[in-house]
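**Q** Each protein sequence line maps, in turn, to chains X and G. The first sequence begins at 1 in the numbering used here and counts up by one. The second sequence begins at 1 in the numbering used here and counts up by one.
If you're looking for bench data, these hints aren't it; they were derived computationally from the structure. All values derive from a computational prediction rather than experimental measurement. Glycine included, every Cβ here is placed at the ideal spot set by N, Cα and C. Careful, some of the hints might be misleading.
Stated by the list, open to error - Label pairs and their computed distance ranges (CB to CB):
#1 X:Gly250 / G:Leu222: 30 to 38 angstroms
#2 G:Gln377 / X:Pro47: 27 to 35 angstroms
#3 X:Lys168 / G:Lys219: 44 to 52 angstroms
#4 X:Leu95 / G:Gly206: 20 to 28 angstroms
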Amino acid sequence: MISTLTVLALLCYILTAASYGASLFLHAPDSPVLPSQPERLSKLGRPLLFLGIVLQIAAIGAWCATTHRSPFAAEFGTLSVSAWGIAIVFALMDLRRRLPALGALALAVASLLLLRGLLLFRAPVTEAQIIANRLVSLHVLAILFSFALFVIAFGAALLYLVQNHLLKQRQVGGLFRRLPPLDTLDRTAFHSVAYALPLLTLGITLGFVQVMTASPKFALATWFGDAHTLMSLAAWLLYIFYFVVRLASGWRGIRLQYVLIFGLAVVLSLYIMPTSMHRFP
Amino acid sequence: MHLVLTGLSHHSAPIEVRERLSLAEHQLPQALEALRACRAVREAVILSTCNRMELYTVLEGDPAQSKSELCRALSKFHHVPESEFVSHLYFHTDADCVRHLLRVSSGLDSLVLGEAQILGQVRGALRVSQQSEAAGSLLNGLFQQALTTGKRIQSETGLGRGAFSVGHAAVDLARSIFDDLSRASVLILGAGKMSELTAKHLRQSGVEFVMVANRTYEKAALIAERLGGQAIQYETFPDALSRCDIVIASTASPHPIVRREMLLPILRKRRGKPLFLIDIAVPRDIAPDVGTLENVFLFNIDDLQSVVEEQSRSRKTEAQLAESIVTEDTERFLNWLRTREATPVIEAMQTRFEQIRQDDLSILRQKLAHLSEKEWQAIEAATRAMMKKAVREPILRLKREHENQNGQAQYDLLSAIQELFALTSDASETQANTSASETTQPEISQTADREVVTP
Chain X
1 MISTLTVLAL LCYILTAASY GASLFLHAPD SPVLPSQPER LSKLGRPLLF LGIVLQIAAI
61 GAWCATTHRS PFAAEFGTLS VSAWGIAIVF ALMDLRRRLP ALGALALAVA SLLLLRGLLL
121 FRAPVTEAQI IANRLVSLHV LAILFSFALF VIAFGAALLY LVQNHLLKQR QVGGLFRRLP
181 PLDTLDRTAF HSVAYALPLL TLGITLGFVQ VMTASPKFAL ATWFGDAHTL MSLAAWLLYI
241 FYFVVRLASG WRGIRLQYVL IFGLAVVLSL YIMPTSMHRF P
Chain G
1 MHLVLTGLSH HSAPIEVRER LSLAEHQLPQ ALEALRACRA VREAVILSTC NRMELYTVLE
61 GDPAQSKSEL CRALSKFHHV PESEFVSHLY FHTDADCVRH LLRVSSGLDS LVLGEAQILG
121 QVRGALRVSQ QSEAAGSLLN GLFQQALTTG KRIQSETGLG RGAFSVGHAA VDLARSIFDD
181 LSRASVLILG AGKMSELTAK HLRQSGVEFV MVANRTYEKA ALIAERLGGQ AIQYETFPDA
241 LSRCDIVIAS TASPHPIVRR EMLLPILRKR RGKPLFLIDI AVPRDIAPDV GTLENVFLFN
301 IDDLQSVVEE QSRSRKTEAQ LAESIVTEDT ERFLNWLRTR EATPVIEAMQ TRFEQIRQDD
361 LSILRQKLAH LSEKEWQAIE AATRAMMKKA VREPILRLKR EHENQNGQAQ YDLLSAIQEL
421 FALTSDASET QANTSASETT QPEISQTADR EVVTP
């Protein structure tokens, strides 16, 4: 049942991404395909997105009830919560302002994560007691939600670069007309980072507190000896740099968008980073 | 009754003819009155814009004969001899008239394909006619349908989207950079007509702050006054570049006045804030290599023209979709029209059957006085159901025939039913009542018809 619910949620996310994406291209006036109710097509996305979120809540809940473990005890659960986080963050944003282009990107990332999670559905669940610790769960949850916001910031930055390129090349038909204004994309990216940074800070702090509690004597050595943790700090510094430059100095424009693109690459590298503390069985 | 359109437009008549027959809004009530004085005219709406003058009328009798009467009325009202305009007139009857108005309200017949202004003009024409009590149920229905179709095409196709002129193109591009134009400021360099027009478009789109710089300060002040902006000394324009978001350049300078090296320090001050440069001067005012700078978007007059042309091409593609919507909605309206003609007969038939039922029941009540109220209720229900079943099929067939495009067949069936059930006088009475109380919306009337038709 858990895998069925997750597959259904995955289908919802894929269809949402497809409907948002299709509305961009079908609506383009110089698209070779005549527009066939593209506005309605993009409106299909929202109910599907909410359905996917609900299905995922059910799937994650059922997984926890069946295994009596936190979702972060397995790679499936962690990836599933990551995808769910992206979907929730985007849904909240979409309620405020419709940005189908961003939705297509964000939901595509969520779908990939969920697909990877499904492929690891049968992978073993960790027996380590530390995972049952609420502090650890909160630490992971804060970091995953900050990741979701960084994905949104990345999407907005990527669209900014696309829109900037189209403007520079004077390709102002088709896709150009369906992309949000540069200002909107810049502001969306900035707000996403503004919300993500406190969450990332909280996540990292909670991780440090956990290490301190578990082994106070070797806390610093353990913490700084972990490549994963060091990379998290690097990501944190990078986003702090973006935030300070954008907020305090008022800098905008394409260079800052590259910081956000690079930022997500750093965050994603955490997943493949060799680590002694952050690993699944 | 026939729907008849008599009119001329930019397609059929030169400006010299159009201006002689055009009507200002305050003249419309008088003109409508003059039209209604014509013997055959039952309803009338006049659509008069700078590109067209069209009379939509509901005529009784042969429309061919009434056309000359309409031409005479036009000639008399405008004091223009018929010979001067009659060759430019076009006439459309019934289905063609419906289709034409739906195309007009959608902007498909406009000089600038897809322009949305016409929808407001169609609405205005109907309003004036309603106020003058010249529009009856038929023209009300037709114009409501035209407005619905126009709005539908605006929302379901890209016909009304994109730039229609260089000014529109500039606004369109500005909107893809700045999400809130009210927070953007504009600097106009030079006192050209085109730059003023472009700035006007931007002002109308929400830009609140405009600065004007020109070598002759007085000219700058004049333009600034017209735009509700502020004139600045020409020498100070480099400073203003760091404060504004959009620059419209159209000076008569033989060399570029905005150069890369001039902009570099300004861009540092701007800290990555986008700068949108519109160069509509020939020779160009802004050096072309400025466009390669980061966060600077430079569009010259050719770029803007190509934006307009590209979007005009796109609109032509969208027009195909719009035409299919017009065809669909024309058919919908004609169906309503046909059903509307059958409604009095259907109502008369139902009334006749109900009357028979009531008469027979009252006789039965006297004969079977011993029956209880509950038993009478059962008899009432049974007879009502019987009656409904009896009329159901003829009504459905009649309606189907009326929705059929074959006009001849429908009138035969209608006459046959009237003849068979002796409904001629009843139907005429109902027709009179229906015409008097008919609602204006085709959709509403269709609902009413459904209520009548469904036994």
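**Q** Hints first: check each against the structure and report whether it holds.
**A** A quick look at each hint next to the structure:
{"no.": "1", "hint": "X:Gly250 / G:Leu222: 30 to 38 angstroms", "in the structure": "holds (35 angstroms)"}
{"no.": "2", "hint": "G:Gln377 / X:Pro47: 27 to 35 angstroms", "in the structure": "violated (47 angstroms)"}
{"no.": "3", "hint": "X:Lys168 / G:Lys219: 44 to 52 angstroms", "in the structure": "violated (33 angstroms)"}
{"no.": "4", "hint": "X:Leu95 / G:Gly206: 20 to 28 angstroms", "in the structure": "holds (25 angstroms)"}
Going through the hint list in order, the structure does not satisfy hints 2, 3.
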